[in-house]
Amino acid sequence: MSGNISVERTEQETTINIKGRFNFEMHSQFRTAYQEDTSKGKKGRKFVIDLSGTEYIDSSALGMLLLLREEAGTNESDIEIVNAKPEIKKILETANFQRLFKIS
Amino acid sequence: MAYGMKILIVDDDRINSTILNRLLARDGHSVVIASDGVAGVEVFHREQPDLVLMDIRMPRMNGYEAAREIKRLAANRFVPIIFLTAVTDEDSLVQCIDAGGDDFLTKPFNRTILQAKIDAMERIRQLHGELRRQKETVERHQGQLQQEMEIGQHLFAKIVSAGNLLDAPCLKRWTSPMSVFNGDLLVAAYNPAGGLHIMLGDFTGHGLSAAVGAMPLAEIFYEMTAQGFSLSELVEAMNAKLIAVMPTRMFCAACLIEVDYRQQSLMVWNGGLPDVLVIDKTGRVVRRLASNRLPLGVVALTREDRKMEILEMKSEHRVFLYSDGLIEAPDSEGEMFGMDRLMSHFGGDVQPDKIFDVILHSLMAFRGGTEQCDDISLLEIDCSRAGEEPPGGMPRRSEKSLPPAPWEMSFAFHAGTLKNVDPLPTVINAVMSIQAPTGHRERLYTILAELLSNALDHGLLGLDTEMKKTPTGFIEYYNQREARLNAMESGFIKLTLVHEPVVNEADGRRIGGAMRIHLQDSGPGFDHTRVQSYLEGNAGHGGRGIALIRSLCSELVYHGAGNQAEVVYQWTYQ
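Keeping their order, the protein sequence lines are chains A and B.
Here the first sequence stands for residues 152 to 255, numbered as in the numbering used here.
Here the second sequence stands for residues 409 to 982, numbered as in the numbering used here.
Treat the hints as calculated values from the structure; they're not laboratory data.
Keep in mind that a hint or two might mislead.
[Unchecked claim] Derived pair list, reagent style EDC-like, types lysine to aspartate or glutamate, alpha-carbon separation capped at 16 Å:
1. A/K236 <-> A/E206
2. A/K194 <-> A/E164
3. A/K194 <-> A/E162
4. B/K515 <-> B/E644
5. A/K240 <-> B/E736
6. A/K194 <-> A/E176
7. A/K241 <-> B/D421
8. B/K566 <-> B/E631
9. A/K241 <-> B/D683
10. A/K241 <-> B/E736
11. B/K715 <-> B/E627
12. B/K827 <-> B/E712
Construct the complete structure from the given sequences, taking the supplied hints into account.
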């Protein structure tokens, strides 16, 4: 069983809410969620990944975050990961993802 | 409506078969006729019809028997059999179905019903054919996949396990892959000076895709370790390789450890694996080395990223290294094994040498029969056995052996180079590519390592040798070394190697060689008598320093203010 993704868009921001299990089965859902904001070389948009409803995260999900970062322009990307539960935050920190993303 | 089928009529009643023949021919079907069961089976075999109309009571072989035989002959092909019957009692109908019949038609024949039944059967027959073709395709693909998996497994085993030293006496390990291929990479090998390099890597995902990434890493690990490169350089090379070859969403959480018995030190680099645990003789954790680096294959590494944690190794120490599959292993309720449950075994209640087995036991009991959903690895390093050689002795690289010849080479390493590069592998590999005295790589490596580190640490950086004697001083020594190396602006180390063949005076044969190694540093010189006594007195701390060089070389002299050293290494040619 995997999770469910919902997206909210404002003028400058795209918020991606991930509920349930964030794992390899979410790959295409997650990609669809952000792709219209990164396709055709669009840059400079802010992404907020809301993990308040996320129960579990695996290394494939970390890989998907890296992919978003790349498609959003790597070092120029503006991606914030918010509301992660302590055990999920621990996984992000073990991978030292705070160096690549804002985690709050 | 179905057209153009080939239909077999098996009926001993001429009138019946003639009527049917006519009806079917009008609808565009071709018809073959047999007059009893035996003939029916024969004609079926010869003509391979698409559908059979079968009478029940016939001489020689009745319809039930003939139907069974035809179904057996058709094997995988679906050939519908419609029984022709005058009776409609339940028992006869059940017998028709039992014999393999697919439908029945009651006499007298009604053209519309006959057409409808043939159409229905044709639809089933086509579906069946479609299904069979799909099944064959799936089977073919499965066969191909199986073959490719086998080739992959072979390559994986050869590359990843080649020269793997996981049977080193100080290591205890347990791995449990969730598929044929293990996404956890666990490798170990000795460097030329006898230091043990260990790596645990955990790739994104599992199975084949993870294993593909493991292969280049294993190759880099073995090759660079054998050539004498340091862990930092291994980390740098592996990271660069993964960035070059792996898709963005794949990376490798990894931990590399060097167990240096001679220096009595442990070096640890942890990028994305759970906390490495070091315990003492009470079984309690004395050091917890959390991941402080990004996993391999994510971004280019800075100088800081390549830095190792250095620990003084004590023989009572045991080091535990594991993949996140251990902590995240679920029970039947979906609850995870968890860090707390793991840590509960390090509370001092379990004898240190039993902890490894207790953890495994506890994991098995927790998981019960739950299906595994990640690769799991657990490794223990028993530091009290770090000095023991592996069964079968230390591995030696085989080098091509060239007859001794005269040659000379010299190197000059300046501050800017020494800051960034360990000169040792460069020098040793240059020597080995020219002369390659078989079985001498490790000795030459040891000699050059001692000489070069003396020149750098004491000559150029002015580090006090006394410092390493206490545990706090040990760490302080490496911190100061790092700081001074960073701040170093000038200075050099010059190294000259002069090789001459040794000739047998009686017959003029070249029987070996003598290598004169001359090393000079730009430092103020040092009191080599004190360094000597330090290195000689250092045996208790694992190293044998100058004493070791003396045992390997025929001469050792210091020149100048102590900033020049000269040794002669002799070898015989077989």
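Going through the hints against the structure:
no.: 1; hint: A/K236 <-> A/E206; in the structure: 8 Å, holds
no.: 2; hint: A/K194 <-> A/E164; in the structure: 12 Å, holds
no.: 3; hint: A/K194 <-> A/E162; in the structure: 14 Å, holds
no.: 4; hint: B/K515 <-> B/E644; in the structure: 86 Å, violated
no.: 5; hint: A/K240 <-> B/E736; in the structure: 15 Å, holds
no.: 6; hint: A/K194 <-> A/E176; in the structure: 27 Å, violated
no.: 7; hint: A/K241 <-> B/D421; in the structure: 84 Å, violated
no.: 8; hint: B/K566 <-> B/E631; in the structure: 14 Å, holds
no.: 9; hint: A/K241 <-> B/D683; in the structure: 11 Å, holds
no.: 10; hint: A/K241 <-> B/E736; in the structure: 13 Å, holds
no.: 11; hint: B/K715 <-> B/E627; in the structure: 22 Å, violated
no.: 12; hint: B/K827 <-> B/E712; in the structure: 13 Å, holds
When the structure is compared with the earlier hints, violations turn up for hints 4, 6, 7, 11 and for no others.
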